[in-house]
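> Okay, here's what each chain looks like letter by letter:
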Amino acid sequence: MSAQAISAVKPARAAKPAKAVKAKKDSRNPMDQLSTGEKVFNVCNTIFMVFMAFICFYPFWYIFINTISNNKLSADGKVLFWPQGIHFDNYKTIFELPGIANATVVSVLRTVIGTVLCVAVSAFLGFMMTQTKMAHRQFIYRFFVATMYVNAGLIPGYILFNYLGLLDNFLVYVIPGAVSAFNIVLVKTYVESSIPQSLQEAAEIDGAGTWTVFFKIALPLMGPILATLAIFSAVGQWNSFMDTVLYITNDKLQTLQYVLYRYLSQAQAMANIMAQNGGGADMAATGVTTQSIKLTVTMVTVLPIFIVYPFMQKYFVKGITIGAVKG
Amino acid sequence: MNKKYIARMSAAAAAAAMVVPLAACGGGTAAGNPNEITIFSQGATYEGTLDGYVGKGIKDATGLTVKVTPSSVGGTDRFQTKLTTGNLGDLVLFGSRDALKQAIDAGQVLDLNTVKDKLPNVFRFKDGVKRMEKLDSGKVYAIPSGVAEKAELSKGDPVNVPAMRYDYYKELGSPEIKDYWGYKDVAEAMAKAHPKTEKGDNFYALSLFGGWDGTSAEQIRSIAYANGWTKNDGINGYTFINMDPINKKVQDLLEDDSLYLQGLKWANSIYQDGMLDPDSATQTWDDYLKKAEKGQSAMWIYGYMGNLNFNPVNKDLTAQKKGYERISNDSMNVVENVSTIGGTEGWFWGVAKNAKNQAGALKFLNYMYGDEGSFTFENGPEGVLWKMNADGKPELTDLGKGDWSATVPDSLGGGHVNETFKARVNGPTVNVNAVNPKYNSVSVYNQWDTYLTDNASELDKEWTADHDGALNMKAAMVKDKTVTAFPAKNVSQMEWSKEDQVVVSQVGDVIKQYSWKMIYAKDNAEFDSLEKDMVKKAKALGYDKLVKFETKFAQEYFDAE
Amino acid sequence: MEQVKKTPRLLSHSWRLLYMVLPFAAFVLVFNYLPLLGWYFAFVDYQPGVAPWEMPFVGLKWFQSIVSSPEQMHTIGRVLVNTLGMSFLGLACSVLPLIFAILLYELRSSKLRRVVQTLTTAPNFVSWVLVYALVFAFLSVDNGVVNNLLVDWGVIKQPINFLLSSDHMWLKMTALGIWKSIGWSAIMYLAAINGIDQELYEAASIDGANRFQRAIHITVPGLLPTFFVLLLMSVANIINTGMDQYFVFSNAMNKDSLEVLDLYTYNIGISQGNFSFATVISILKTVVSLALLFSVNGISKKVRGNSIF
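Protein chains in written order, with UniProt numbering: chain A, 1 to 327; chain B, 1 to 561; chain C, 1 to 309.
Looking at chain A on its own, in the form it has when it is part of the complex:
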């Protein structure tokens, strides 16, 4: 049986030396002429997609132009499509916040380390959960899956972290989230539907152990799903903010999000004091307002994601061809 499976894969492997990447493009551009129906579809689809891109991106654009426009015009709701009275004082204010450089380093570190850790663990456990031979596999799998829904609340977790010495410790950012049931489920599903069992069986007949199968066969084929998890996990880490509030007091370990949100609450409190006492001087065109801070904080946190994300996409366009795997 397994021999048959191997032979099903082998001819393809032999037939395609290095064209795997190109093959995909070919499959999307068949030689034959486009039918009228397809042409119509292409036009409609393109229009629809551009429309979607517009309604999704416009608010973001709106935020962006309002962060670099005259804050007074912006506060009056006059900045809609193009920036007016461009200035960068909002960003300057944010980048001059004390501790922001250190916080950025902490944020980058937790994002990188947390993501690598989480993706590695998810890849391994997701793969292991596909190993039907494992004793009590179903129980273990459910044991993991249920963690998505069990919720003990804030305080017990805090007490636990205190016992484990995780309070005021960088590890609290990356350790508790390392085993993610959601990710395990996704990896398992992906492996089951995209990587034929026959590959593993063939390798095992050749004498490969579980580790070898994982590293040599499964891992190389998991590219797209791992890229997805990496994006999810990285964004989660980057945006995470509650854990700093609850578990960290050491200002060296504060994250970028934390510093920004704290500054935002400070600015709002200040605005309220001013509202009740009379702020005094007229607002300068570039003077920051709570609204301008809110918008700028959003930009500062989202822009890095937007800059990194397109690079991640290259892992998406490389559709896989099972036959191309040298396994």
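All the given hints hold, so there is nothing to weed out.
Stretch by stretch, here's where chain A covers chain C in the computed footprint (C-beta under 8 Å, at least three residues):
1) 115-127
2) 227-239
3) 280-293
Straight-line Cα separation of at most 25 Å, DSS-like style, residue types lysine-lysine; simulated pairs:
4) A:K78 - B:K196
5) B:K150 - B:K248
6) C:K157 - A:K78
7) C:K157 - B:K192
8) C:K111 - A:K314
9) B:K130 - B:K363
10) B:K59 - A:K252
11) B:K178 - B:K192
12) B:K512 - C:K172
13) A:K92 - B:K290
14) A:K252 - B:K67
15) B:K548 - B:K231
16) B:K290 - A:K72
17) A:K78 - B:K290
18) B:K489 - B:K139
19) A:K78 - B:K199
20) B:K265 - B:K512
21) C:K61 - B:K545
22) B:K393 - B:K150
23) B:K199 - A:K72
Note that these hints are calculated values from the structure, not bench results.
It should be emphasised that the depicted structure is a prediction, and the values quoted were computed from it without experimental measurement.
Using N, Cα and C, we set each Cβ at its ideal position, and we do this for glycine too.
Position chains B and C relative to chain A; hints supplied.
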């Protein structure tokens, strides 16, 4: 590819292993420094060391560097988790009696009686101390914020004397306003005559805000505070009743013909006339403030929205005698709590039992309850934003008069003007409205005569001329005797049981929601049926029991001497 | 096969596989299950900083406090209807990201594809508070851009109070939710599409299948496992809607049709720092979610022949 991947992963893990101990070390140095204290504040949004001119002032006076940890950041409160591990810093500013009580139950606050000799400035506020002793069977676990040696009326304008467009008011011939409901005709006449503001925005008779409402439509409820009622007896804040401390009366929000229900009717009639800002129920505070700055409402229920928010950003108009001023009515009657025992906000200062630097904490607390320390709360140390003038009165320096976000020269300590102790830590130690014996003045600068005179615009001057030379509304009211002081008394602290607290939120939710629906009712029939529903639902949830509970405490206040 | 017979059972291959994941199971036990001891707090009056055994034991008091009066039952009923209603709408729309991913994949220009893929994730990163601020800027009556345009163009005479009215609240909230998440959720399907063996497409092309047929017969079946797994997980989550979105959009007028369970519990308990009450809610939600998860899993086993978990 995979080997590289592993190599990269292990490199990252190694990097992590290196970072962790390093980072963990960073914080360790602060522990036990005898010249540094940490304040855990439930009233702060700032975090970090108090630096700049305020930090310098404190350092000069006490030799201490003060760090601040806010209890809540971005809407997440860490008071309970900190309490769980006993990590409240050295000094604690509690935001409520409930929080203080939790800390006492957890055994984490020091009985100040045991260190009485180190706190002469705190213990001179005998009434405040007595109040705490009564609460906790003889122990003084904390001292209330805002204590005073002598109870006096403040000089600040009451929030609930409305502000209106004063130029439009004069345009209408300064009509006499019989009672609060009379503002409606005046405001509507203004909006009819001026459908747009000078800058072309819509101009409504009234704009409301409900974003912070807890258990009722707060702005509507506050109308009662311009009619001799209050929701706070100085110790206890009431949720479902208003009290009249002078005539010893109680009115619950939902009783027949209560001022609250009349207020809803009044606001609804403005809505039915099409004169209410339609965004009243949906706008955020930022939007509302923006409207105030643009002057889009003829009348502001919270008066400061007008004269303190529109006027300062429209100096071109106030110079032409255009803008907002407080306008009283013939039935205006404000009662004001005057207190020696502090704590109308429910704030308390305490010292953590396991403080790393107890001596420093006590020293700082004593300083802040002294004449000099308490005066710096609002305005920082003498010589930066303010100085004493030749008449022996405090006045603002040029720096103090200028832009709030201006930088302070390094020679004075640096930082920004707006980084006051109040803005960064909060929790006034001594009542900011009490006259400070050392400076012979209250500490809030916008009540100083020097400030009111120097800062008056053409509009303000006109208003003052029309009011027999009174510098602000409060001064006029004192003269007219439309403001009456009532003392805070050492009564029991009202504490809801946890179960009742749930009911309070549920009832409050119903009242709040229906109130706004009533404000937006299409016609009187809809208004009446909503009112009936509201009362029925609130009572079904247990409203009467809550009112009875609160009334008991109000009665104790009335009976106390 | 003969090997297995010789080694003792606990050292067999299948047990060795188990040992490889046991450390992670232990990790989960500590980090996810051990804190469940804190469920005890639901049966006492919680006091922070006090030893658990010193807190007064109150039995089921907090559970009963949820349903103590008929009025309260009525409120909870309404809240549950909202929660389930909007969750079901959300579930019904959960196929949209899948369709979106397929359409995106069918774009002929890979440059455009990448651009669209990036831009459509943008709303995911805008917080709900800010979404409300933007919606208000566009839809408010006083100065909303959309209202101004509609009035200027003569489409409407009077500005419409979109935010205040409670009409079609569920639809509005669901539509906003889709707008915010569609590009982001599509990422998972894009990964799955890329996991489909390209040779299948080639083989189909050779057999003369057109694009539409290839999408229906290859892409869609390739995505179904992911779709079902995600669907199952969201079914188990139907009462966990989160509250941010509903919190910022709720006002007195629309609250009756917008208040969901998470917002309700926030309003009446957690905002007061009542931790015992909050724990009761966690327990109930956990029980409901797990019950849903395993019953839907059972149904899937019956209907589709294989269980997912």
